[in-house]
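Q: Protein chains in written order, with my numbering: chain A, 1 to 113; chain B, 1 to 114.
Honestly, the hints are just simulated from the structure, not real lab data. Treat the hints with caution; some may be incorrect.
Claimed, not checked - Heads up, simulated DSSO-like pairs for lysine-lysine below, C-alpha to C-alpha not over 30 Å straight-line: (1) Lys-5(A) / Lys-56(A); (2) Lys-68(A) / Lys-44(B); (3) Lys-62(B) / Lys-44(B); (4) Lys-44(B) / Lys-11(B); (5) Lys-83(B) / Lys-62(B); (6) Lys-78(B) / Lys-44(B); (7) Lys-5(A) / Lys-68(A); (8) Lys-100(A) / Lys-71(A); (9) Lys-44(B) / Lys-71(B); (10) Lys-100(A) / Lys-5(A); (11) Lys-83(B) / Lys-100(A); (12) Lys-44(B) / Lys-100(A); (13) Lys-100(A) / Lys-56(A); (14) Lys-100(A) / Lys-62(B); (15) Lys-56(A) / Lys-71(A); (16) Lys-78(B) / Lys-11(B); (17) Lys-100(A) / Lys-71(B); (18) Lys-56(A) / Lys-68(A); (19) Lys-44(B) / Lys-15(B); (20) Lys-62(B) / Lys-15(B); (21) Lys-11(B) / Lys-62(B); (22) Lys-62(B) / Lys-78(B); (23) Lys-11(B) / Lys-83(B); (24) Lys-83(B) / Lys-5(A); (25) Lys-54(A) / Lys-68(A); (26) Lys-15(B) / Lys-83(B); (27) Lys-100(A) / Lys-78(B); (28) Lys-78(B) / Lys-15(B); (29) Lys-83(B) / Lys-44(B); (30) Lys-5(A) / Lys-62(B); (31) Lys-11(B) / Lys-100(A); (32) Lys-56(A) / Lys-44(B); (33) Lys-71(B) / Lys-11(B); (34) Lys-44(B) / Lys-71(A); (35) Lys-54(A) / Lys-71(A); (36) Lys-54(A) / Lys-5(A); (37) Lys-71(B) / Lys-5(A); (38) Lys-54(A) / Lys-44(B); (39) Lys-54(A) / Lys-100(A).
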Amino acid sequence: DQQVKQNSPSLSVQEGRISILNCDYTNSMFDYFLWYKKYPAEGPTFLISISSIKDKNEDGRFTVFLNKSAKHLSLHIVPSQPGDSAVYFCAASSPYNTDKLIFGTGTRLQVFP
Amino acid sequence: EAGVAQSPRYKIIEKRQSVAFWCNPISGHATLYWYQQILGQGPKLLIQFQNNGVVDDSQLPKDRFSAERLKGVDSTLKIQPAKLEDSAVYLCASSLTTMNTEAFFGQGTRLTVV
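Between the sequences and the hints, there should be enough to build the whole structure, so can you do that?
A: Structure below.
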């Protein structure tokens, strides 16, 4: 049972344009969401997070939007840069174990010049 | 600040052999996790420690996998005996105990079972 889903395995975007990565979840108890970025041969690194009391969180070029009614969140990267090329994982946790993250399957983003 | 250290980086073993992975979390991080990431999938939590106590091991295949964190710092994850489907990257992560803090991951150990 995949509680966190990233239905697009890959995304290709031109440098300078916007990258939009999507994530859907099924568990309505999830109340905290995170995005991690992973380069090859490295562990995932934290990028940005959002609590369910918000619908938007922004950090520089990265913005995460949360639509609770649709159980959907998205990560926007503007402008995209070649260094953003990586695999992006969406993760979620619930109040029952705030430290337990459930990860999606990831989306590979490629930013080309 | 030093990150999460894991060793070895790579390991190749034959099926039915045993293997152990080591993790040293970030200093002061009470919570330690072991994740399994199979190719093409997201990380899956195997076990979560708070200090040296187990918080969640519901997805740990206990017939072959074991983990310990004896002094509440370093941790080892063992597989005995290994199966072909255990081929994966094993990621260790740590976090502070405060609510909703992000986990910091090590580089992982890539295990290949042949």
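Q: Hinted pair, alpha-carbon criterion (30 Å max): Lys-11(B), Lys-100(A). Please report holds or violated.
A: Roughly 27 Å between the alpha carbons, so the hint for Lys-11(B) and Lys-100(A) holds.
Q: Holds or violated: Lys-62(B) with Lys-15(B), Cα cutoff 30 Å?
A: With Cα atoms ~17 Å apart, Lys-62(B) and Lys-15(B) stay inside 30 Å; holds.
Q: Are Lys-44(B) and Lys-11(B) close enough, with their CA atoms no more than 30 Å apart?
A: Judged against 30 Å, a Cα distance of about 20 Å means the pair holds.
Q: Lys-62(B) and Lys-44(B) were given as a pair; does the straight-line alpha-carbon distance stay at or below 30 Å?
A: The given pair, whose Cα atoms are some 15 Å apart, holds under the 30 Å limit.
Q: Holds or violated: Lys-83(B) and Lys-44(B), Cα atoms, limit 30 Å.
A: Distance ~17 Å between Lys-83(B) and Lys-44(B) Cα, so the pair holds.
Q: Given the hint that Lys-11(B) pairs with Lys-62(B), test it: the Cα-Cα distance must not exceed 30 Å.
A: Given pair Lys-11(B), Lys-62(B) holds - Cα atoms ~21 Å apart, limit 30 Å.
Q: For the pair we were handed, Lys-83(B) and Lys-5(A), check the Cα-Cα distance against 30 Å.
A: 27 Å, holds
Q: So if I understand the rule, the pair passes when the alpha-carbon distance is 30 Å or less; does Lys-54(A) with Lys-100(A) pass?
A: 20 Å, holds
Q: Taken at face value, is the distance from the CA of Lys-71(B) to the CA of Lys-44(B) at most 30 Å?
A: 25 Å, holds
Q: Are Lys-54(A) and Lys-44(B) close enough, with their CA atoms no more than 30 Å apart?
A: Holds, because 27 Å separates the two Cα atoms, which is no more than 30 Å.
Q: Keeping to a limit of 30 Å between CA atoms, is the pair of Lys-68(A) and Lys-44(B) held or broken?
A: 24 Å, holds
Q: Just to be careful, I want the Cα atoms of Lys-44(B) and Lys-71(A) compared with a cutoff of 30 Å; is the pair within it?
A: 21 Å, holds
Of the hints listed earlier, the one the structure fails to meet is number 37.
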